[in-house]
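Two chains, two separate frames, one set of hints: put the complex together.
For the protein sequence lines, the chains are A and B, in the order given.
For what it's worth, this note's numbering labels the leading residue of the first sequence as 1, then goes sequentially.
For what it's worth, this note's numbering labels the leading residue of the second sequence as 1, then goes sequentially.
Everything hinted at is true.
Derived DEER-like restraints, expressed as beta-carbon distance ranges:
id	chain 1	residue 1	chain 2	residue 2	range
1	B	Gly393	A	Asp50	19 to 27 angstroms
2	A	Asp37	B	Ala262	46 to 54 angstroms
3	B	Gln304	A	Glu33	36 to 44 angstroms
4	A	Asp27	B	Met53	45 to 53 angstroms
5	B	Asp272	A	Gln30	40 to 48 angstroms
6	B	Glu342	A	Val29	33 to 41 angstroms
7	A	Glu33	B	Val405	25 to 33 angstroms
Hints were generated in silico from the structure; no laboratory data involved.
Beta carbons: idealized from backbone N, C-alpha and C, even for Gly.
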Amino acid sequence: MAQQFAQQQHRNEEPQSQGQQESQKTDKVQDQEDALDAVLDDISSTLETDAETYVSSFVQKGGE
Amino acid sequence: MPQLRDSSNQGPGNRTSRSPEYDSFHRIFGIETEYGVSVTGANQPCDPGQVAMMMFAPILSRSRSTNTYLENGSRLYLDVGSHPEYATAEARDPSAALTHDLAGEAIMRRLALGAQERLRKTHGEHAAIHLFKDNVDSAGHAFGCHENYLVRRYVSLPIIKAQLLPFLVTRQLFTGAGRVSENGFEITQRAAFLDEGVSSSTTRFRPMVNTRDEPHADPDEFRRLHVIIGDSNRSQWATKMKLATTHLVLCAIEDAAKRGIASGFECCALSDPSASNKAMSTDLSCSKPVMEVEDIDAFRAKQQEFGLKPSASGDEAHPQADTVTALEIQYLYFAIVSSFVESHHDGIKQSLPNTDCMDILNEWKTALDALSTKDFAALSNRVDWVAKYQLLGKIKERNPWLSPVQARQIDMNYHDIVNGSIYPSLVGHGLMETLVSDDAVEHAVENPPEDTRAALRGRFVHQALNSGATFTCDWTHLKTTAPIRHEVELIDPFAFEPDVDYQQLMESL
Chain A
1 MAQQFAQQQH RNEEPQSQGQ QESQKTDKVQ DQEDALDAVL DDISSTLETD AETYVSSFVQ
61 KGGE
Chain B
1 MPQLRDSSNQ GPGNRTSRSP EYDSFHRIFG IETEYGVSVT GANQPCDPGQ VAMMMFAPIL
61 SRSRSTNTYL ENGSRLYLDV GSHPEYATAE ARDPSAALTH DLAGEAIMRR LALGAQERLR
121 KTHGEHAAIH LFKDNVDSAG HAFGCHENYL VRRYVSLPII KAQLLPFLVT RQLFTGAGRV
181 SENGFEITQR AAFLDEGVSS STTRFRPMVN TRDEPHADPD EFRRLHVIIG DSNRSQWATK
241 MKLATTHLVL CAIEDAAKRG IASGFECCAL SDPSASNKAM STDLSCSKPV MEVEDIDAFR
301 AKQQEFGLKP SASGDEAHPQ ADTVTALEIQ YLYFAIVSSF VESHHDGIKQ SLPNTDCMDI
361 LNEWKTALDA LSTKDFAALS NRVDWVAKYQ LLGKIKERNP WLSPVQARQI DMNYHDIVNG
421 SIYPSLVGHG LMETLVSDDA VEHAVENPPE DTRAALRGRF VHQALNSGAT FTCDWTHLKT
481 TAPIRHEVEL IDPFAFEPDV DYQQLMESL
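Bound-form chain B, shown alone (with noise of 0.2 angstroms):
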């Protein structure tokens, strides 16, 4: 829960002009991961704290901070709970997001095993350091995986939490991480977790849609909608597949609200949001009527429209006519967001540069036809709880008495990207199916995004630990205060180029 340097919703308001971004599909997409932290093997006590302390000792030394921006663009820190956090630099593209999210992945595995490194000099040979990229500890402490997207300011909040929520709740079922809980085994990570839908709070109630209104942009043109609802993802598939379908939703709800017209989501409104987030999850079957709509006529009403078949009515566990299956949920949108693309194709095309649109939607199409054809083996290779279901599902038929500590810690080792051997083993026997190259995630350890406001960051960065200045900066800012004073202002986050204040500062360098 970073504390930023507030962005008010004060606009400058002398300005006339907007930014060529706004009146287009453009947008910035971010990722913030928390990580859990735990040492096994040592000879004495060693709390999650202190092996925090020993990951950052080389930030802090760079830095004299545990709170810092990286060359890549990216800011590295420890939050609240000694979780280290990594967010990734702006991205224009759910692709370049990803490879952000994988370089804080390899960026956290070197600051952790070069901690365990020196952990065992002091507490045994055998001490190991264990990064979860999941989102619960063993107790029932929560933490993150927060999602950015510039949202542009006309998108209520209220249009938010009726239009977009119902998505984010069941586009799960492709997304989930998947979690061993003390009641089985769930879709989600986080279901049990979040209590609310839409407000302000992140730490004492966790709501799925955080309101605080820091957009690190022009506040009259755009928000920053903090998605905090998504789970930590190791397929890379999930991680880009969560960004651009939830890009393709933002877009067509952007574009009614704009026109003050319908989008066609409206009908899918849940009444109760936390309830059905928590029953989706439960529902490995993902075939339940376990979703209560607001207004079922008008969720009926739509489906017909689209030409899509209601499923069967309830069971005996689900009596109501007025709910429906996330699936159902998942299909209308995807009904309506394809038809939206059809005839939007040139703009939403234009607006993700390294993701083609045609394919996001085949391969959401085909993860929606495999649930709901229950095949669910053609999607272990990309699909995180499907993966780790059906691992569980082999090991309980070699090992019949595996008890629920153990497929708990297969659960946590399929998520530790330090000594973890499952997902390593997953992807080596082909079960796992990765997107980017070692080398592109490599060149993103070092380099930002070149086509956002992070690439003037990173250069900014970069120069200044040559040059040996004191600086600081945060997202919007970029400051010196010796040898000289100077401080830049970088608003706008889809601009790239060096203005003439930015000139000056980097030739003060």
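For reference, chain A alone in the conformation it holds in the complex (with noise of 0.2 angstroms):
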């Protein structure tokens, strides 16, 4: 049964040759890339905010 699983590559349905997974793998990768650095331009705003503050401001009582 394990081994029924690891042959079911869930997001990747199409059998496809080595050459063309890593191929896309790389882009994968480069898409990944990219969008971290759009994050990064979204948030540089909140970097730019007195961390000391944000952080030192949320003290409260333990609950549970």
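Okay, here's the thing in structure tokens:
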């Protein structure tokens, strides 16, 4: 059963050559890098705020 | 830590029939999430207690209490330490529980934005309320995200400790929310704050599984397993997977307990669950043999039985031959559960109305394989700790001078459901998978799950509010005190069809 799952690449259903898979993987890594850059641009203002105050403001008694 | 009506261990005694779900794999799921509160940008001091009260002002005016049940069947309240808390209505499926947890987020966000608008009138236009769906504040005070599973009564607490705890500790490889701590980055939010395996405390000492016996169901048939060890997740995949995989493990444990046979999980019992928990949380390689099992020979034999290879035994820091990696334990649980699902497929399938158990097994296996090949990037769109760690790495590339306090700010921002920018940006750029549509969340804000007791409670709350009746309720009772006194008990969480008592109560409204 375990082997059966190993063979089902759930997000990648078409059989592909290893070369195709490698190049897709490289593309995917590049896409991920580009998207991460975009996230960093989005949150640049967050990094400019006063981190010390932001962090130290969050002090609350424990719960549960 | 809600103090609810006592559901004692004494059964009604005069019943001979069992509920239809008792002899099946059906389960009730629930998630209780505590939120942390802070304010920045205010021109005068404002403590979390004040903010929490401002958030709950609309609830107080509606219910004359900060502890109430909503029309979607959930419970909304202010817990100890001024933590706003949301307990989802009873759900029959992990997907439904996830949707209702997200509805809780949406409700909390609205309450906070309302409070922020009012706060700005008195504390300046830059006052911002932060509501953290995480588990630790900046001074090391912890708060929780507790999972509830209805479990057949014949599963004893020693079985839970020996056979479930190793799973709960090691599942954090893919459910951990990640945390920037004083000592660097950790996989889990909570490992540093949990000191016991299984006990009845929640605040003084924190166990991983709480034994308080409040089944909110027939106590002859069920106990409510109260799991404390989990992190609050932003990743929807992680919330669903922690419930779904735990369900499958519990099915195998229940079946073995019922038949009086071995489940196969016995060999995973940990010598010191708390030490193992802390050790796995700080091993970002996920490959060190940091877990000490009670019976290594039995563990190795079971691995062999399922064709699993032991990982290289020990390194300089962990030379003992009786330690294993968290991944080895997870692979063994996966192998046993896969085999169990194969032989009980129809029953398991029926127990999950909205989730395909084969999909869960595939997702689980894919996650373990990615961890074992150290392909962390493959998990960054659904495992919180990996997403957060990857982002921190990228930020450090661009800003090598990033200070520890800035790293902590980024950690907190990820969990801020009101003014946080990181999580929405990750989702917006396709770097974080979502499973539930905004429409489905919106529906769950107003409506209870239709296939549990919550449907009856939700309709009662809705009608009582509309009619202006004075009412109270808890998980198992609905009560009006004016204009007439009437009380109904709903002991079966699976029952969603109105009985005669319920119909009379509703007609009286």
